[in-house]
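Asker: Could you put together the complete structure from these sequences and hints?
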Amino acid sequence: MTNFSFQSIIQRLKGKKKEDELLIDEESALTTTITPGEKDALLSINNNNNQKKQNNSTPTTTRERMIALDVMRGMTIMLMIIVNNQPTEGFYLLEHAEWFGITPTDCIFPFFIYVMGYAIGIVFRNEWKDEVILIPPTKLFKDIIHYFNKTCRYGWCCCLNNKHYKDYNNNEFKEEEEIIKYLYIIPMRKSLYEIVSKWTKIIRRTILMFLIGFSFSLIGKSFDFTQVRIFGVLQRISICYFFVTCLIVFIPWTIIQILIVVLLQVIYIAITFGLYIPQDGAGEGCGVRGEIYDPQCTAQGYIDRLILSRDHTWRHLAFDPEGLLSTLSAITNAYLGALSFKLAYLAGKDKFKVISHWFLLGCPLILVGLGIDFVGLPIGKKLWTTSFSFVTSGIACLFLAIVMYVVDILKFNKYWTSPFVWIGTNPLVMYVVPTFVVVIMAKIYVPYQGKETNLFNFLYYNIAASWIKPSQLAAALFGLGYELLFIPLAFVLYWRKIFIKL
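First residue of the sequence shown? That's 369 in our numbering, and the numbers climb one at a time after it.
Among the clues, some could well be false.
Listed next, the in silico DMTMM-like pairs over lysine to aspartate or glutamate satisfying Cα-Cα at most 20 Å (straight line) [to be verified]:
1. Lys589 to Asp679
2. Lys837 to Glu463
3. Lys717 to Asp776
4. Lys566 to Glu495
5. Lys837 to Glu457
6. Lys779 to Asp718
7. Lys811 to Asp592
It should be emphasised that the hints constitute simulated quantities derived from the structure, not laboratory data.
It should be emphasised that the depicted structure is a prediction, and the values quoted were computed from it without experimental measurement.
Answerer: Encoded structure:
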C-alpha cells in the first residue's frame with residue numbers, strides 16, 4: 369500500500385501554477401493531480417466529516433410533528449377571535465382585566481406570542497449551540513472566539529488569540545486553506561446566497577406581518593392616515609418575531625440570550641419607574657415619576673403620546689395597549705417560547721422528560737412573576753408588566769405540557785382535537801380572514817330601529833341579542849358562532865394540505 373501524508377497532497381496541488389487548472393471541476397482535479405490512493409483518502413476524510421455531523425446531531429422531538437403545539441395554537445386563535453368579536457360586554461372570564469389583575473382572556477395573546485416563539489426555535493434550531501444554560505466561562509469564551517473566527521475568518525476577532533492571528537496572516541496557511549476549501553475537504557462557512565436568502569425571509573415576514581396588521585387599522589379608518597392606529601396585535605407579533613430571531617441567529621449561546629432578555633426587562637422597569645412624566649400644555653401628564661395606576665401618567669402612555677401622538681393610539685386614548693414600551697416586555701414571552709423548544713430538543717424523544725423540563729421552566733417563571741408582583745410591579749396586560757410577562761409565559765409552558773400529556777402521551781386526540789389542529793396548522797389565515805371580514809362589515813351601515821348601525825352589530829341584534837338573555841351570554845354565543853363559520857375553511861385547507869405562510 370502506498371504511503372503518503374496529507375501534507376504531500378497539498379504540496380502536489382500547490383505545484384500547479386496555472387489558475388485555469390484550479391477552475392476545473394472536483395472530479396477532474398482529483399483524477400488528474402492525485403494518485404488513486406490519495407483520492408480515496410480525500411474522499412474518506414470528506415465522508416468522515418459528514419458522518420461526524422450526523423452523529424453529533426441531538427435527537428429531537430420535532431421529527432414527528434407535535435400535535436400538542438397545533439392544538440394549543442388552534443385553541444389560542446379560536447379564543448382570540450371569539451373574545452375580539454363580542455359586540456357587547458361579555459362574561460368576566462371572557463373580558464380583559466380593567467387595569468391590573470389577570471383573567472383567562474388576558475392569557476390568550478401571551479400564549480399566541482409564546483407559541484410563535486416556540487415555532488421560531490423549531491425553524492432556527494440549527495443556529496443554537498448544544499448547551500442550554502450553564503457552561504464553564506472559559507469554554508464559553510473559547511466558543512465565542514471559535515465562532516467569530518469561523519464567521520469572519522481574517523477579521524478583527526482573530527486578534528483575540530495571537531496564535532490564530534499569526535496563522536491567518538501567514539500566506540502559506542491561506543494558500544493551503546484555499547486549496548482545501550476548493551476540494552471541499554472541510555466544511556467552510558455558509559455561502560452568501562444562503563445567508564441572504566435566510567435574512568430576506570426573516571425581513572420579509574416581519575414587514576408583511578406588520579403591514580397586514582396595519583392594513584386592518586387603515587381600512588377601519590377609511591384610509592385616513594392622520595387618524596390610523598400604528599400598532600396592534602400583528603404588529604407586536606412581527607416585532608417580537610424579528611427580535612427573537614435576531615437573538616437566536618446572531619447569538620447562539622443560551623446563557624447570553626437569557627442575559628439579554630433579562631436586560632430588556634431591567635430597561636423596561638427602569639423606564640417605567642424612572643422616567644419623569646412632565647405636565648404639558650394640553651393637560652396631559654402629571655409631573656410625576658413612577659406612576660403605574662393612572663394611564664395618563666404612566667411612562668408607557670407618555671412614550672406613546674410623544675412618539676405616536678394620540679391620533680395614532682388605540683381609540684385615541686392616552687396610551688396604547690400594544691405600544692412601544694410594553695412591546696419591549698412582550699419579547700420575553702416570545703423568547704421563553706423558543707427556550708421551551710430548546711429544552712424539548714435536548715430532552716430527545718422521551719416525552720416524559722420533555723414535560724418535566726417544561727414544568728421545571730414554567731413553575732419558577734410563575735413564582736418569579738408573583739414575586740415581582742408582590743414587591744410592587746403588579747400583573748397587568750395593559751402595561752404588559754414584567755410580572756405579567758413571566759406569569760403568562762410560565763402558565764403557557766405548563767399548559768403546553770398538559771396538552772402534550774393528554775394528546776401525545778395518552779393519545780386522547782381522536783375527535784376533539786381536529787378543529788384545533790385545522791386552525792393551528794393555518795394560524796395566519798384563520799386569524800386574518802375573520803378579522804378582515806369584521807373590519808369590512810364594520811364599514812357597512814344599515815338602518816336599524818330608526819338609526820344606522822354597522823352590519824356586524826345589525827346581525828348581532830337580530831340573531832342573538834333579540835332572544836338570548838342575558839346580554840353576556842348572547843355576546844359569547846355570537847362570538848362563538850362567528851368563529852364556527854370559518855371552521856369549514858380551516859378543514860378544506862387542511863384536507864387539501866394547503867398551509868399558507870409568509
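Asker: If you check each hint against the structure, which ones fail?
Answerer: The structure breaks none of the hints.
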